[in-house]
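Peer 1: This is what each chain is made of:
Protein chains: 2
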Amino acid sequence: MFDEQHLMARSANFRPLTPLDLLERTVEVHGARPAVAWHDRTWDYTEFREIVARMAHWLKAQGVGRGDVVSVMLTNRPEMLAAHFAVPALGAVLNALNTRLAGQEIAYILDHAGSKLVLCETRTAPALEGVAPPVTTLCDRPGDGTGLDLFEGEAPALDWTANVTSEAQPISLNYTSGTTGRPKGVVCTHRGAYLNAIGNLTALGFTSETSYLWTLPMFHCNGWCHTWGVTAAGGLHVCLEQVDPAPILELINRHKVTHMCCAPVVLYMILDHGESVPSCRVKVMTGGAAPTPTLLAGMEKQGFDLVHGYGLTESYGPATFNDPGADTPGTVEERAALLARQGFRHYTTAGIAVVDEAGQEVPWDGQSEGEIVLRSNTVMAGYYRDPEATEAAFAGGFLHTGDVAVRHPDGQIEIRDRAKDVVISGGENISSIEVETVLHRHPDVLLAAVVAAPHEKWGETPWAFVERRRGSAMTEADLDRFCQQHLSGFKRPRRFVFGELPKTATGKIQKFLLRETAKQMVTQ
Amino acid sequence: MFDEQHLMARSANFRPLTPLDLLERTVEVHGARPAVAWHDRTWDYTEFREIVARMAHWLKAQGVGRGDVVSVMLTNRPEMLAAHFAVPALGAVLNALNTRLAGQEIAYILDHAGSKLVLCETRTAPALEGVAPPVTTLCDRPGDGTGLDLFEGEAPALDWTANVTSEAQPISLNYTSGTTGRPKGVVCTHRGAYLNAIGNLTALGFTSETSYLWTLPMFHCNGWCHTWGVTAAGGLHVCLEQVDPAPILELINRHKVTHMCCAPVVLYMILDHGESVPSCRVKVMTGGAAPTPTLLAGMEKQGFDLVHGYGLTESYGPATFNDPGADTPGTVEERAALLARQGFRHYTTAGIAVVDEAGQEVPWDGQSEGEIVLRSNTVMAGYYRDPEATEAAFAGGFLHTGDVAVRHPDGQIEIRDRAKDVVISGGENISSIEVETVLHRHPDVLLAAVVAAPHEKWGETPWAFVERRRGSAMTEADLDRFCQQHLSGFKRPRRFVFGELPKTATGKIQKFLLRETAKQMVTQ
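Protein chains in written order, with numbering that gives the first Met the number 0: chain A, 0 to 523; chain B, 0 to 523.
Here are the simulated BS3-like cross-link-like pairs (lysine-lysine), alpha carbons at most 27 angstroms apart as the crow flies:
id, chain 1, residue 1, chain 2, residue 2
1, B, 255, A, 282
2, A, 456, A, 518
3, B, 115, B, 59
4, A, 282, B, 282
Just so you know, the hints here were simulated from the structure itself, not pulled from any lab data.
With the rest of the complex left out, here is chain A:
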C-alpha cells in the first residue's frame, strides 16, 4: 500500500530545501521593502538580488563551480550577506573567516578548506598577505573606484536553485576557533540552513517589519542562520561594522531596530556606556554565557528585552531557546534565574537529552548532571576532512556538546559547566559558572572567569580573574568578603586577579590561558 510508483517523489512535489528559495520568495513578495542598510544607503530586496546576481556572475567568471570553497573575510556589509546566497547559488560552499584571526590560523584554514579564492575588504586585507589562493578586495564604498564593486553595472539573470541538486549539499564550512587544538571545519547543508532559518524566524518572530541590527558577526555560524532567517521574513538587515555602544545606539534609533543578537559581553558594554536609552524596545537574543540579574535588570531599564539561546557551531547556532516573556512574575532576580537557564529545545531541535556516562537520560530533577547531546536536522554533517573528530563527536548516535547540565522537572535545561571547566577541589565538583554568577552580582564586576589552579592538598582550587567596571576601586579583600556572604567555603575563589581577560576572536574567554596563568603564579 502507498508504494505505488506514481506516488514516488517527483519535481512537482519534492524540492530540495534551501535558503535560496526563501530569498526568491522574499524578492517576489517584498521586492520593494528595504533589505540592507549600510552607512547612509539602503537597498531594497530587488536591488539586493542584483548584488547577489553580480556576485554570482563574477564568481563564476573566476571559475567557481559546484563543490568549490569560496572564503570571505568580511565585516557585516551587504556583500557579506550577498555571499550567503551567491556562493550556494553556484553550488559552491561559503567559508566565512573570523575577521580577528591571525596569519597562521588563516593560512591553516584556507589550506585545509582548499579555498578557490578569498574575498576581503581594505581593513582585512593585511591579514591575508602571502596566502595561497587569489585574494580580491571589495570596494570601500559603492562607486568609489576602489576594489571590486558589486553595486554597479549590469545584473545578469541568475537561476537560483539550478545548482542545488540535493538538500544534503553543503552550503557552508565554518571553522570553530575552539579553545584548544586546530580549528575544525563544520559542514552545514542546505536543508539544515533552511530549517534553522525558519526555526529562528518562528522563535524570534521575524516579520517583514523586522529591523535586525548585526551586532553578531555574520562570520559566526552564518550569523546563527539569521542571514537566511531575516531574509526569509523580508526584514531589514542593518549592517554594523564596529561593535561599540555609540554606533549601536545610533543605528537602533535610526532604523527602529526590533531585534539583535550578541554575547553578554556586548550587553555589558552597552550597560557600562549607559547614557542614552534607545527610542524603541529591542529584543536581544544572547548566548555564549548566561545573562545575570544585573544585566537583565539594567538592560530592561534601557529598553532591551533579553531572550537566551544556547547552541554551537555544530548545531547551526541555536539549539535551545529560553524566552520567559516580560510578563513572567517575580523579582528581577527570580526572572534572571529563570532566564539564565538554557531553556527548552529550539523549534528545529528534534531531540535533545542530558545523558550520563552510560548514555542514559538523567532524571528531570534539577540536580542530576549529565552531558547535553543533540539529534536534529540542524546538527552538522560532520567535520570536513576529519573522520576521527566526526566519529568522536557523534559517538552513540548523538552530537556530544561537551556541556554539563541538569534538567529541571519542567524540562528546562540548565548548563552547570562546560565539561572541561569544572573545578574539582578535594573531590568536590565546583561549577565555575556558579561562582562566576555570584561574582557578576557584585556591582563593580564587569566580567569574571573562574578556573582551576593546581593545589598540593586539594588537587585544584578555584581562582577568579576579574575585569573591574570603569573607575572602580574594589580590592581583592572586598570581593572576598562579598563571596563569603554568597558562597560555600569550598567554592570561594582562593585568589582574585584583576585585569583584562584574554578572549578568542569570537569573544569567548580563553580559560585555558587563565589556567596557564594560574599554574605559573602557583609555581612562582
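Take the given structure of chain A and dock chain B to it, following the hints.
Peer 2: Below, chain B without anything else, positioned relative to chain A:
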C-alpha cells in the same frame, strides 16, 4: 569534495520531518498550557498527549499498523485532533471523512481507501450504517458511559516517531469531493504536513498565545494543516461543532479567540447575524472565494481582520497568501480589490507560475490569463490508486490547478476563473467571478453564482443564481438595473434566478448543478 563517507547523513543529523516531533516539542515546552477546549472542559498539552496515547494504544489493539488506513467521521472535537497524531504515530494513514457525505459516497471512499476501521460519533453514526469496515462510536461526553472513551484510564507510553521511517511516508489520505466525477484520494506525506504546518504558523503568526477557533472543519485538508500548525506553536484549539453565528461569537468571547479560518459563506452568516461584536479582534483566513468589499468593510467593523488564502486539497491547503495589513492605505473598496487577489506564494510554496497552454509563464501585466501551476514540497504525492489522474495532474512537471489567473506587475496572482467556469459568449470570455463580484456589491445579495446557459445565437450567455439577504424584496429588474450600471452589456446576466444555491459538503457552490438547471430552463 564533500563526498566523504563520514559526512553522509546519520541519525544524529537527519530526522524525517514529521508533525509528531512538533507535538513532542510542544508538550515539553508548553505542557501546562491549554491545548483543546470542548464544551465546558479544557485539556492542557500534557493531558492532550495522554488522549493521543490512549487512542494510539486502542488503535494498535484493533490491529492498526504501518500503512493501514484509519477513517474517521468526526466533528471538530478533541479526538478528531488527537487522530491527527495517534494514527501517524502508528505509521498508519488518517482518512478524515466529510461529515456531510451521503451513504454511497462514503461506501465508495471506505472501499477505495481500504479502511481498516472507522471512528465516528453519535451524530455521524447513522451515515455509516451497513459499511464494510468495523465502526466504533466515540463517547458523547467524557465519562458518560456511551461509546469509546479516550479521556479516561491509563495512558500508556508512546514512542512518537518510532514508526516514521521516511519523511515521504503518507500521513493522510484526503478525498476531494470535486464538482464532477468520483472523489479522488489525495496522498499527503509527513514532510509536506510538517512544512505546511510551519509555513502556516509563520504566515499567520501563531504563538503559544494563539487561541484558534475551529470554524473550519478539520476534515477539510486536515484543517488546512492547522491541526498540526497551531499545535506546533503551543496554541489553544477551540472546538466548534456547529457553524452558527451565535456559538461562534460566544466562543470568541469566552476563549479570547485570535484566529479562525473559513469560507466567505460563514462570514456572510456572521455579517447577516450582525448583532453582537466580539470583545477581541480576530484574524480570519478566508479562501475558496474572494472576499468582497461589503464583506471586508462589514467584518472590519465587527472586529474581524481578513486575510486571503488560496489553495487546494492537492496543495495541503494554502499555496498563496494575501495579507495586505490593516495599515494599507485607500478606501475600503480599494483595499478589498487588493484583498480579492490571491496574493503571493505561501511560505511553503517554492514554485508558482501562471502559464499559457504551451507551459510558458504569462507576462506579469495583470492582463494575460493562464493556468496556475505549482511546484512545491507541499504538493500531494499523488492520487491514491489512480495513476492516470495523477499523471494528468502533474503533466509537464507541475501540479495543474485548473484555475485561470493573471499575474500583476508586482507578482500578485489574481484568479479570473476556474478553467471550467468561464462563460464564452459570442467568442468573448466572460469571467463568472467578475460578474459575481459586481452582484455581491449589491446590499441585498447574500450569495451569487454565475454560470453559462446555452444560447442559440451566442453559444452561451451568463445567468445569475442569487440568494437574497433576509427580508429583501429585491426583484430581478432591480438587480438588472444595478448590473447595467456596473457591467458591460455582454457580461450582464441574461437571467436572474432567486433561491438557495446548491453546495457541496464542503460549502462550495455546485455550479455544474446550476448549469444543469439553466440548461433545463432554456429548453423548457
